[in-house]
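Student: Each chain is listed here by its residues.
Number of protein chains: 2
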Amino acid sequence: MKYGIVIFPSKTLQDKANSLRKRYDSHYGLIPPHVTLKYPFEADEHTTEAIVQELRHIASEVQPFTLTSGNVSSFYPTNNVIYFKIAQSEALATLNNKMHDGVLATEKEYAFVPHLTIGQNLSDAEHADVLGRLKMLDYHYEQVIDRFHLLYQLEDGFWTVYETFHLGKDC
Amino acid sequence: MKYGIVIFPSKTLQDKANSLRKRYDSHYGLIPPHVTLKYPFEADEHTTEAIVQELRHIASEVQPFTLTSGNVSSFYPTNNVIYFKIAQSEALATLNNKMHDGVLATEKEYAFVPHLTIGQNLSDAEHADVLGRLKMLDYHYEQVIDRFHLLYQLEDGFWTVYETFHLGKDC
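In order, the protein sequence lines correspond to chains A and B.
The opening position of the first sequence corresponds to residue 1 in our numbering, with each subsequent residue numbered one higher.
The opening position of the second sequence corresponds to residue 1 in our numbering, with each subsequent residue numbered one higher.
Read the hints as simulated data drawn from the structure, not as lab findings.
Each hint should be verified, as a subset may be incorrect.
Which copy is meant is left open, so a pair is good if it fits within one copy or across any two.
20 Å max Cα-Cα, derived EDC-like pairs, lysine to aspartate or glutamate [unchecked claim]:
1) K11 x D44
2) K169 x E54
3) K11 x E163
4) K22 x E54
5) K11 x D146
6) K169 x E49
7) K2 x E90
8) K22 x D156
Sequences and hints are given; from them, build the entire structure.
Tutor: This is the structure in structure tokens:
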């Protein structure tokens, strides 16, 4: 089974993101707008309980924090992903680190750059055009994040939430 | 904000459902396959915490239970919704009742018939054709349900999970 771990930001920011994802993100519809904490990873269904226990432990150790979104940027030339910048923070870095350790140990393909994807799988020309138009706009929002979610992927690519974890709480 | 309360059945059953929803369900993509416990209802964002507290209380009072899916049926002539039958059970009825009381009190438009929708907004001809072909097939699965989810709807119709509630547990 393929799992992923994400933060869903405020409805306001999700609505802003989806108004753009609708046009530019080939994954629009597969998953709501999100900030990825740990990229999709394979795990045996029998290890789900161990993963859940570990995530409960991680959640209990990190207090709710303020997440700040900023303007539009891109991972070009690594890839043509366009995203809302999310300010790096100690809480995000700690969550990401702990989610790549112990029972959750997997290789990190890239350094952790917090972001909320709004466009992907664009041609070079589309990418340049969309980025050029959006990078003037301001998507600065601040919001308290008090939870994250463990998701699993269905055969047709859609993601279903398995569980919510509350920051700063034991359960 | 519009909220809804659902059970996500096993990945196996969700995959079976989505292979059909892809063709027959106009809401495919807006939400993973689910069994509705409480239909979408409006609530002020300031009452979210009271709703969450009430759902925690309800979850703690109902033990995990076995959910049994069956063959394909339809709500025709009330509407052209085609679904996997879900066997009525004391746990489902109790959850549904408690979710229409107290802070969660809303009118029930229909009697509670547990089901997992696989087709909707079909023309009469399509509905008759699809139902005729699917109702011979067997979708009998049994699975333990130990959780339900509170969701909210984004402006473009997509549903995001707000929180998971564990049956038989205080948190």
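Student: Provide an ascending list of the numbers of those earlier hints which the structure does not satisfy.
Tutor: 4, 7
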